[in-house]
Amino acid sequence: MSKKGLLIDYKYCTGCHSCEVACKNHLDLPVGKWGIKLIEVGPFIIEQGTPDKFEWIYLPVPTELCDMCVDEVEKGYKPMCAHHCLGDCIDYGTVEELAKLMESRPGKQTLYMPID
Amino acid sequence: MSSWKYEEDGCTVVETCAWSPPGDHPVGCGLKLYVKNGELVKAIGNPEHPITNGRLCPRCLALREYIYHPQRVIYPMKRAPEDRGKDAWTRISWAEAYDLIEENVARIKKEYGAEAIFSVIGTGRDMWHTVPFITFGALGSPNFTYIHSGWSCYGPRCAISAYTLGAGYPEVDYAAMFQDKRYDHPDYKLTEVLVVWGKEPLKSNADGLFGHAFVDMMKRGTKIISVDPRLTYWGKNAEYWLQLRPGTDAALALAMLNVIVNEDLYDHEFCENWVFGWDELKERVQEYPPEKVAEITWVPKEQIIGAARLYANANPGSISWGLATDQKCNGVQFAHALLALMCCCGNIDVPGGIIVGAPSFAAPMWWGWDSLSPEMQAKRLGSDSGMGGDRYPAVTTAISTAQPDMPLDAMETGYPYPLKMSWIMSSNPIACPTAAPQRWDKAFKKLDFNVVCDLFMTPSAASFGDLFLPVSTFAEKDGIVNTHYGSLSMFTGAINKAIQVGECKADDEILLELGKRLNPSAFPWETMDEFLTWELDQYIPGMSIEELRDKKWAVPEWNYLKYRNGLQNFDGQDGFVTASRKIELMEPLFAEWGDDPLPYYEEPPYSPVNTPNLMKEYPFVLTTGARSWVFFHSEQRHVDTLREIHPDPITEIHPETAQTLGIKNGDWIWVENQFGKAKQRAKLFSGIDRRVIHSEHAWWYPERPAVDGEFGPEDVFLSNINNLVPHKLIGKLGFGSPYKAMICKVYKAED
Ligand code: SF4
Ligand code: SF4
Ligand code: SF4
Chain A
1 MSKKGLLIDY KYCTGCHSCE VACKNHLDLP VGKWGIKLIE VGPFIIEQGT
51 PDKFEWIYLP VPTELCDMCV DEVEKGYKPM CAHHCLGDCI DYGTVEELAK
101 LMESRPGKQT LYMPID
Chain B
1 MSSWKYEEDG CTVVETCAWS PPGDHPVGCG LKLYVKNGEL VKAIGNPEHP
51 ITNGRLCPRC LALREYIYHP QRVIYPMKRA PEDRGKDAWT RISWAEAYDL
101 IEENVARIKK EYGAEAIFSV IGTGRDMWHT VPFITFGALG SPNFTYIHSG
151 WSCYGPRCAI SAYTLGAGYP EVDYAAMFQD KRYDHPDYKL TEVLVVWGKE
201 PLKSNADGLF GHAFVDMMKR GTKIISVDPR LTYWGKNAEY WLQLRPGTDA
251 ALALAMLNVI VNEDLYDHEF CENWVFGWDE LKERVQEYPP EKVAEITWVP
301 KEQIIGAARL YANANPGSIS WGLATDQKCN GVQFAHALLA LMCCCGNIDV
351 PGGIIVGAPS FAAPMWWGWD SLSPEMQAKR LGSDSGMGGD RYPAVTTAIS
401 TAQPDMPLDA METGYPYPLK MSWIMSSNPI ACPTAAPQRW DKAFKKLDFN
451 VVCDLFMTPS AASFGDLFLP VSTFAEKDGI VNTHYGSLSM FTGAINKAIQ
501 VGECKADDEI LLELGKRLNP SAFPWETMDE FLTWELDQYI PGMSIEELRD
551 KKWAVPEWNY LKYRNGLQNF DGQDGFVTAS RKIELMEPLF AEWGDDPLPY
601 YEEPPYSPVN TPNLMKEYPF VLTTGARSWV FFHSEQRHVD TLREIHPDPI
651 TEIHPETAQT LGIKNGDWIW VENQFGKAKQ RAKLFSGIDR RVIHSEHAWW
701 YPERPAVDGE FGPEDVFLSN INNLVPHKLI GKLGFGSPYK AMICKVYKAE
751 D
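These protein sequence lines are chains A and B, in that order.
Going by this note's numbering, the final residue of the first sequence carries number 116, and the count climbs one at a time with no gaps.
Going by this note's numbering, the final residue of the second sequence carries number 751, and the count climbs one at a time with no gaps.
Keep in mind that a hint or two might mislead.
Computed footprint of chain A on chain B, listed as stretches where at least three residues anywhere in the stretch have a Cβ under 8 Å from a Cβ of chain A [claimed, not checked]:
hint : stretch
1    : 55–69
2    : 232–241
3    : 640–647
None of these hints come from the bench; they were simulated from the model.
All values derive from a computational prediction rather than experimental measurement.
By construction, the Cβ of each residue, glycine as well, lies at the ideal position given by its N, Cα and C atoms.
The whole structure should be built from the sequences, with the hints applied where relevant.
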């Protein structure tokens with residue numbers, strides 16, 4: 001069986017937090033626990049000017065609690081984080097397919113394989 | 001079972017399009033609500049929805065938690081006026097609640113006249129027909145109000161659209177009306193350059209614009225110009241990020257026009273044939289050369305010129321104007337300048353440009369107005385008749401409300417007449433919209449009778465409510481959602497009831513039931529469906545509510561370039577609905593009302609240029625009210641999943657500034673000026689100018705008890721940034737207050 005992954009095209013991640021809340025609904029998680037958690041890098045100045053030029057990244061990170069939404073996928077839905085992602089920047093599929101997709105597009109992307 | 005209601009997974013699924021409550025703006029996002037034994041067990045996005053495609057914000061994803069929150073009020077309650085501010089509510093029946101309203105309305109009408117009753121609405125929600133209709137049709141008063149000083153949200157933009165454009169609200173064309181193919185539809189052309197000005201559509205989805213559509217467009221190649229004092233997703237991804245000094249937008253827009261005029265980048269055919277006052281405007285913009293405006297706005301000259309060229313050469317270009325347009329005394333003039341920028345490059349009503357609504361006589365905010373006698377109409381606060389105190393015809397001609405600051409004056413002074421009763425529906429006045437909120441709180445406390453229709457015990461209800469009517473969420477009601485409240489309908493969706501919670505009623509059920517009691521002739525509908533079919537007929541003639549439910553959503557008839565095809569005017573002739581039948585970049589009405597007919601820049605009342613002496617004590621420019629991902633204004637602070645994401649009121653300070661003040665990331669601080677102060681948590685943020693501070697609005701703490709001294713006053717004023725904004729510091733025409741352009745100092749607070 002081919003392994004499943006989540007491909008994040010994170011230049012389009014707006015930091016909206018929908019993946020986090022959708023995932024909490026799916027896994028029924030309380031405050032303090034996350035199946036996927038957003039991290040923020042920056043903003044910090046890469047080049048001073050008027051205005052300054054910035055790096056600023058939002059990136060969701062699946063945790064150990066992620067179950068890849070197997071039950072939803074069985075019913076024909078995408079994983080709940082991908083389904084609700086406002087930036088439409090999470091793809092689900094086999095690691096193989098996703099790696100191909102990743103190669104065909106410009107950066108910034110990252111591929112997760114949260115579980116076996 | 002039907003297209004929108006069926007069985008799946010052992011649940012009944014109800015498909016619906018969201019509006020409010022909770023929140024929110026009329027995007028009509030698609031949801032599938034899973035119901036088991038009458039309880040909502042799951043809510044997910046509907047992937048079939050043509051605009052949102054299943055995507056949802058955290059606010060709707062937390063719907064279950066919101067609906068079944070233990071603090072939700074689900075029965076009508078009353079409290080004796082002497083117990084205001086105390087937790088001394090008694091549960092009553094709806095019949096008793098309506099009796100109480102009927103008694104008070106009759107008594108007040110007899111003793112003081114119906115004008116002594118006023119209603120208060122909140123922004124964006126599904127009741128821009130309900131509250132005016134209750135006010136005019138049921139309560140019989142002309143005083144429908146929105147008490148955000150200077151109508152500083154939508155007001156200036158609405159006025160400009162009404163007077164100078166004579167069309168429904170202009171909006172970016174994101175192919176919403178092509179429901180099948182969207183951006184790939186052959187009639188659509190992708191926006192080449194999109195100017196996002198003073199707006200954060202990703203968080204706000206303002207007025208029904210689905211903000212993430214701009215991300216969809218960016219993926220397809222749309223280039224961005226961001227105009228914002230703060231770095232946002234747009235600034236980070238922009239060709240040009242114009243980081244202007246808050247409040248100086250009008251100068252920047254006029255300088256961009258200066259470049260476009262002097263470099264001959266404008267659309268000659270359009271400006272000569274469809275614009276009134278083009279020559280005068282060309283002359284006016286000579287007063288705003290980029291060098292001079294660079295000094296005013298802090299945006300370097302090269303960037304002003306570069307951004308103007310990029311926009312002007314785009315085919316098509318488009319502009320999305322935001323709330324920041326309105327929250328300044330100079331808001332009308334800025335909106336006017338921005339409209340000039342929208343139209344001078346030929347982008348009005350073209351594919352991928354800026355589309356405008358067709359003319360409409362019966363804007364929902366006027367429903368019920370005709371049921372008032374002319375004498376009663378003349379008493380509206382701010383009316384041009386003079387019988388409602390000071391005249392603000394620019395406000396009261398385009399908009400059905402009273403001038404927003406005048407109810408406070410009337411409550412405090414009794415001029416032009418005393419107010420005695422309020423009907424507050426979807427507003428939390430002392431936590432959110434009002435400037436000088438403590439004065440409003442005192443004034444409401446002086447009234448005889450305050451009715452609050454809401455879902456939770458807000459600080460306002462806790463402080464001065466006498467009767468609390470519990471309201472349904474969108475999952476508990478039937479209705480219609482229409483982008484831009486019908487003034488520019490790119491999407492019309494059915495809101496379908498899935499569940500019932502306690503004895504809550506939809507705002508429109510309250511409207512019909514109370515209307516039938518107080519003034520039956522104005523409310524002829526027997527059922528909600530009859531009313532909704534009548535409502536829908538105003539947007540999509542001939543369609544019944546049942547038909548809309550079956551289709552789930554529909555698009556009202558749509559055309560581009562309406563002004564060239566006899567579709568923009570009531571008489572079937574070409575042109576716009578203005579006296580000149582052109583877009584009036586010189587507006588004779590403004591001159592008639594005592595203002596300049598052409599757009600101009602005016603310094604904010606308190607600023608480094610206007611009040612340099614005060615700046616010694618309050619050295620920073622203060623801007624307020626940036627949106628949150630998880631809150632709609634003062635709502636949702638009690639929803640744990642959302643509060644976890646955004647726990648505290650945030651004030652953003654540049655790290656270098658913070659260092660000079662000895663402030664560290666996460667410190668509690670006071671933001672203070674000559675009008676008041678607010679306690680917030682510092683966030684060091686390098687995406688803001690070193691001379692500017694930004695603070696969030698609408699904060700209160702529902703985790704504390706609902707009594708005076710706890711989340712009721714004074715606590716609601718602890719972090720309320722509007723303590724720093726004075727009452728009625730507004731533009732000449734009655735519009736615009738400097739919520740986004742004040743001054744302040746900042747210092748460390750105790751924890
Ligand atoms: S795939 Fe994993 S991270 Fe995404 S919603 Fe499902 S459980 Fe959460
Ligand atoms: S839902 Fe998508 S856009 Fe939003 S934070 Fe998660 S990954 Fe980013
Ligand atoms: S909160 Fe977000 S998802 Fe819900 S209706 Fe508003 S815009 Fe749509």
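Just to make sure I understand the rule, a stretch counts as covered if three or more of its residues have a C-beta closer than 8 Å to a C-beta of the chain. Does the stretch 55–69 of chain B meet that for chain A?
holds (count 7)
Checking C-beta pairs, does the stretch 640–647 of chain B have three or more residues closer than 8 Å to chain A?
Held - the stretch 640–647 of chain B has 5 residues with a Cβ nearer than 8 Å to chain A, which meets the minimum of three.
Three-residue Cβ test at 8 Å for the coverage of the stretch 232–241 of chain B by chain A
Result for this restraint: holds, n = 5.
Violation of the numbered hints given earlier is absent; every hint is satisfied by the structure.
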